[in-house]
Structures are given as structure tokens and as C-alpha cells.
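Asker: Here the structure of chain V is known, so what remains is to put chain Y in place on it, guided by the hints.
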Amino acid sequence: MSAVLEVQNLRKTYGDIKAVSDVSFVVEQGEIFGMLGPNGAGKTTTMEIVEGLRIADSGNVRVLGMDIKQRPRRIKASIGVQLQTTSLYPRLTVREVLDLFGSFFPRAVPSGELIKLVGLEDSSNKFCKNLSGGQQQRLSVALALVNDPQILFFDEPTAGLDPQARHNIWDVIRLAKEKGKTVFLTTHYMEEAERLCDRVAIIDHGEIIATDSPEKLIEQYFKEEAIEFQLDRPLAGEVLRQLAGATNVVTENGKVTVYSNAVPATISALMEMARQMGMKLTDLYVRRATLEDVFLKLTGRRIRD
Amino acid sequence: MKVLSNLLIANIKQFVRERAALFWSFAFPLIFILMFGAVFSGTDDISFSVGLVMEDDSPSAQTLSTVLGQVTAFELSTGEKDSELQALNDGDRGAVIVVPADFGETISQGGKGNIDVYYDPAKSSSQQALLPIIRQVLNEFDRIVGQAPSLVQLNEKTLQTRDMRAIDYLVPGILAMAMMQLGLFAAELLVMDRENRVLKRLGATPLRRSTLIGSAVIFRLIIALGQAALIIIVARLVFDVPMMGNWLFLAGMVILGTLTFLSLGYMISAFVRTQEAVMPLIMAIQFPMMFLSGIFFPIEFMPGFMRPIVEAMPLTYLGDSLRQIMVDAAPLHDHWVNVGVLGGWFVVSLVVAVRFFKWE
Chain V
1 MSAVLEVQNL RKTYGDIKAV SDVSFVVEQG EIFGMLGPNG AGKTTTMEIV
51 EGLRIADSGN VRVLGMDIKQ RPRRIKASIG VQLQTTSLYP RLTVREVLDL
101 FGSFFPRAVP SGELIKLVGL EDSSNKFCKN LSGGQQQRLS VALALVNDPQ
151 ILFFDEPTAG LDPQARHNIW DVIRLAKEKG KTVFLTTHYM EEAERLCDRV
201 AIIDHGEIIA TDSPEKLIEQ YFKEEAIEFQ LDRPLAGEVL RQLAGATNVV
251 TENGKVTVYS NAVPATISAL MEMARQMGMK LTDLYVRRAT LEDVFLKLTG
301 RRIRD
Chain Y
1001 MKVLSNLLIA NIKQFVRERA ALFWSFAFPL IFILMFGAVF SGTDDISFSV
1051 GLVMEDDSPS AQTLSTVLGQ VTAFELSTGE KDSELQALND GDRGAVIVVP
1101 ADFGETISQG GKGNIDVYYD PAKSSSQQAL LPIIRQVLNE FDRIVGQAPS
1151 LVQLNEKTLQ TRDMRAIDYL VPGILAMAMM QLGLFAAELL VMDRENRVLK
1201 RLGATPLRRS TLIGSAVIFR LIIALGQAAL IIIVARLVFD VPMMGNWLFL
1251 AGMVILGTLT FLSLGYMISA FVRTQEAVMP LIMAIQFPMM FLSGIFFPIE
1301 FMPGFMRPIV EAMPLTYLGD SLRQIMVDAA PLHDHWVNVG VLGGWFVVSL
1351 VVAVRFFKWE
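Protein sequence lines, in the order shown, are assigned to chains V and Y. Each residue of the first sequence is one higher than the one before, counting from 1 in this note's numbering. Each residue of the second sequence is one higher than the one before, counting from 1001 in this note's numbering.
Looking at chain V on its own, in the form it has when it is part of the complex (with noise of 0.2 Å):
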């Protein structure tokens, strides 16, 4: 495998915030590479400039083995880039604007093609404006794919969709990915970082805290596995970490986690426990950790704070 994207010492900052500091990551050929972060962790800075919409202050971008700042129409054209604008040309047709997008680009898939692809047969003589969230969902997908790119990027490709058209999504990603095309995406979703990404970049304050694949992240940070339920009292935590098997406990909204390397010890610990005090307890499973805990350990608040 080779980089087709390396990052090295990236730093952006507005004023006195800083949006990226010190990013350094690299994403192989043919790999999705998501970067997952709450909103503002400076995903979308780092997106940008890797894309040549923004200029670093500092640090090293090369796409493809070339220089972001020495090459930036000839990267452009290279890579496509998804990117959610509802009022792009709102009365030309779909097809009209994938014509006249791939005419931007020394070569172009067809549009009849790409319409084909993400499954906009039947709205392909639409005005943009006229299509529904998912289809514009789609478009920008299919614009994205319209130079046939090496790498594709996906900025929050799926915020604010509806289970089934983030679905559509995954797929046309995936399909992506099949077809041989190197995939960065960024995402507060924890479901799409784990279901979708073979590695994952965890960033938070415009820096990176962990890289890894899914598995080896959860697998790194937890040997445990979380249990969880509603308590109809405040309850120290003290008191839970007592549990026999428990390792960390953590209380939000009434909602209790509780870690532990030993799940039936625990559970029949805190059954004693909730008899004895008179407590109930509702809403209770298990699951196994997920990026969303490896998050919560990291920096110690969740991931759509």
C-alpha cells in the first residue's frame, strides 16, 4: 500500500483559536480514512486545506505525491469533493449540472452514467431545488464523482439524513471504495466511523489523540464492556465503582455506564445493590464498548457535546 495523502505538521489558526494544531496523519490507497471529532474539533479546517480551499499556516500537504500549495489546480482535478450546498444552481436539471460540472475537468464521467450510479434515474430532468433532501444528498455525491477522482473526500456526508439515505450513502461510499478510490471522510457519527471507515482518526481541539482501525482503538482503550440503565435517583459513583468487576462509571442525564471486565459480577452485584437501597432501575443492557466510549475515556466528554 502506499500514502496517497500524507499530512505532516499541520497548523491553521483564526485569531486566537487555534483550528488545527500540530495534524499529522497519512491516508493509504484505496482505504476510507474517517476523521471523527465534535463540531469545531477543526475536521473540516484540516478537510479543507488537504482540498486547496484554505491555505495552511504551517505544515506539509502532498495529494497524490504532490505539493497542495505548488499544484493546486492539478490536485483539484485529481480528487472530488462532496460537499452538502443545497442552492447550486437551483433551476438547472440534474443532468445539466453534472454536464456542466464535468465540463470543469479535463475528463468526465458522463452524467448519464454517474445519474445511474447513485440512483437518480427517475429525477434526472428535475430542478435541483425540486429534489428532496436525499436526492440532493445524491447529487453532490455524484458531483463529487464526476472527474472520476482518485481520492474522494466526504465532509459530514450523512449529517442531518435520515436513516435510509444515510444508508444510500454508505453504499455509494463503499461502492467507492470497491471501485479501487481512496475515501476521507470526517464525521460525528460514531455508528458511520465504526461501520464505514477502515481506520479512524480521533480529533478533538485541532488535535489528533488516537489513529487506528475501529477495532483496535475500542480494543486498545477497552477491555470492557459497558453496561447501562436509568436510575430513579442521583446516586454517587463512587458507590457503583464498588461493583465487583467495575472500572469506570459514568452518569449523564439520570443515564449510568458502568465498565466493567466482568459482566455477570457486575450485573448480579448491582441487583443486590438496587434491592438493598430500594432503587429501581429501568432501560437496562449491555453492549459491547464502542468509539463513542474510546472518545468519552480520551477527553472526557461525549462526542456530540
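Keep in mind that the hints were calculated from the coordinates and are not lab data. Be a bit skeptical, because a hint or two may be false.
Derived DSS-like pairs (lysine-lysine); straight-line CA-CA distance at most 27 Å [what the hints assert, rightly or not]:
hint: 1; chain 1: V; residue 1: Lys69; chain 2: Y; residue 2: Lys1200
hint: 2; chain 1: V; residue 1: Lys177; chain 2: V; residue 2: Lys116
hint: 3; chain 1: V; residue 1: Lys129; chain 2: Y; residue 2: Lys1200
hint: 4; chain 1: V; residue 1: Lys116; chain 2: Y; residue 2: Lys1013
Answerer: Just chain Y, lined up with the frame of chain V:
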């Protein structure tokens, strides 16, 4: 070139498919012309309704009545004093002239005949136009009755080959206004495209910014020339407003005017971030220009202290040039002064726009 023409075609398709844009660009100026044309068309043949009360039927009184009847500006109606004064009160008469019973007798005895003129001082037209005419009529009457020869004959000659009507003055002004709006409103679209990340999306392609802006400018120039043609044709067909000058010169001024206001629009969009903020700013710039730059009425009508403001506005110069070319109006400035001032505005606002515009 191919990309530029593709963008241009996309712009035109978008434009013709949006009825609101079509309306504001083409129907709005025409409605303006038709509206003002209808308002001003009545003032071409000024006539006043004048009541005449004859309480005397002497030969002198008859002569006076005849002379009054010859005044084309008067629509004379004869009646009783009471009913005529009531009509004046109701606003149906501009003035009422009463020839008293002793009028003829006084004159034949060598005395001075008195007539009474009633008018409403609240009506400025009565004082400004009616009374001088009546005085004129009485002088004429004096001359006829006294059998004095008239020493001076007034031959009316105007400087222009053709009378300048209000509508003639107005149409080039509306043309200038349309150019101004076309240019300034470009700011709204640009701010919108930036806010909605359209500029960002286009920036992620190899498309050159110069191509993008170039196609937008050419698109607006096409619209401007279309607007000019339509306005001139409609004004000609409906109100017989002439196009006297050189068509190429006119097209050149339309292009220069549009470029100037486009740069002004782009300058605005360099300093405003949001759609909510851009419209009020455009209005704040266009309304004073519309009413103070003499496109609707001559700037001589404006108080002197306003003149420096008027002279600073680019619309003043565009309106002046278009008026000179189209209807051969008396120039405010020489053409080259107008071209120079517009060109100056164009260059300065373009430099400021390029310096301060942000693509995101």
C-alpha cells in the same frame, strides 16, 4: 473558452427559468415607464378651466370676452357669479373672472375699467401660470381698445430641434436606473453564493475564478443590453420617445454603466457577509441615487446645498450621457467628463473589491 460559454449558458438558463428575475429585470422598468408616462402625458397641453361672469354686455366687455375666448390655454365657461364661485370652491375652476356691470361705461367715460379675478391661492398653478396669462390678456385688450400698434413681436424658438417632454427626460433615466439595479443586485447573488457554499464548491474544482467572474459579468452585460433595447423600443412605440444618437455610443455607455455598478456591487459584497445585511445596504445606496441623481427630474429643481451630493453620484453621469445620446438633451457635463467619472468609479470600486473580497 468552452467552460466560460458553458457557465454563461447555465446562467442564462437559470435566469429565464426564474420568473421573478425576469420580472424585475424587464417588466419592472417598463412598468415604471408606463406609469410615469401616464402621469406626465396630461401635462403636455396645459389647460385651465376658467369661469367668466359677464355682468355687462357693452362692446368693451364683448371684446374682452372674445380675447379671453382666444386663449388656447383656457377652457372658458360662462355663468352666474354665484354658481361660478361655487365651482371655484369645488375645485372645478382654476379661476373666475368677473366683469362688473359698470365696466363698459367706465371705459367709455375714459376711466379705468375694473375686473375681478377670483382664485385659490392654495393652488400654485393658479398663481404661477393663470395670473400671468390673464395679465397678458388684459394687455392685449388694452392694445386693441387703445388701438396702439404692438411694438414687439415675440417669436418663440427653442434651442432643441424638438420639444423635450417629461417622458423624453424620464426614459433615459429609467434606463440608467435599470443598469444601476442590475449591477448592485449582483452583490446579493454573490453574497448568497458565498454563504451557501456555492463558491466553495466551485473552488474545489479546477475552474478558474477569473472564468467564473468573467462569465457572470458577460451574462449581466447581455441582460443590460437586452433591457436597454426593450426599454427603448417600448418607449418608442408607446410614447414616441426618439432614439436620436449613435446606437454604438449608446451600447458603449450601457456597458460602461453596467460595469461601473457591477464593480460597486462586488465592492459591497466584499464587506458584507450575510444575505440579511446585503439587501438593506443595496437599498441604502440605490434609493438616494435614484432620487438625487436627476434621473427622474432635472437637478436644477434640487436645492443648491444638495448639488455636491448629486455631483458625486455615478448615476448622475450615466443618466446625463444616456439622455444626451437618446433625446439630445442639454448636457450637464461633456460626454468625456461623464465617461471619465464613470470610469473612475469603475476602477476605484474594482480595486477595492479585488483587494477586500473574500471567497469564503
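Asker: Hint by hint, say whether it matches the structure.
Answerer: Now for the hints, and whether the structure bears them out:
With a C-alpha separation of about 17 Å, the suggested pairing of V/Lys69 with Y/Lys1200 holds against the 27 Å cut-off. Annotation: proposed proximity of V/Lys177 to V/Lys116 holds, straight-line Cα distance about 17 Å (limit 27 Å). Between V/Lys129 and Y/Lys1200, the direct Cα distance comes to roughly 19 Å. Compliance with the 27 Å bound is thereby established for this hinted pair. Taking the CA atoms of V/Lys116 and Y/Lys1013, the gap is about 24 Å. The hint holds against a cut of 27 Å.
In the structure shown, no violation is registered for any of the earlier numbered hints.
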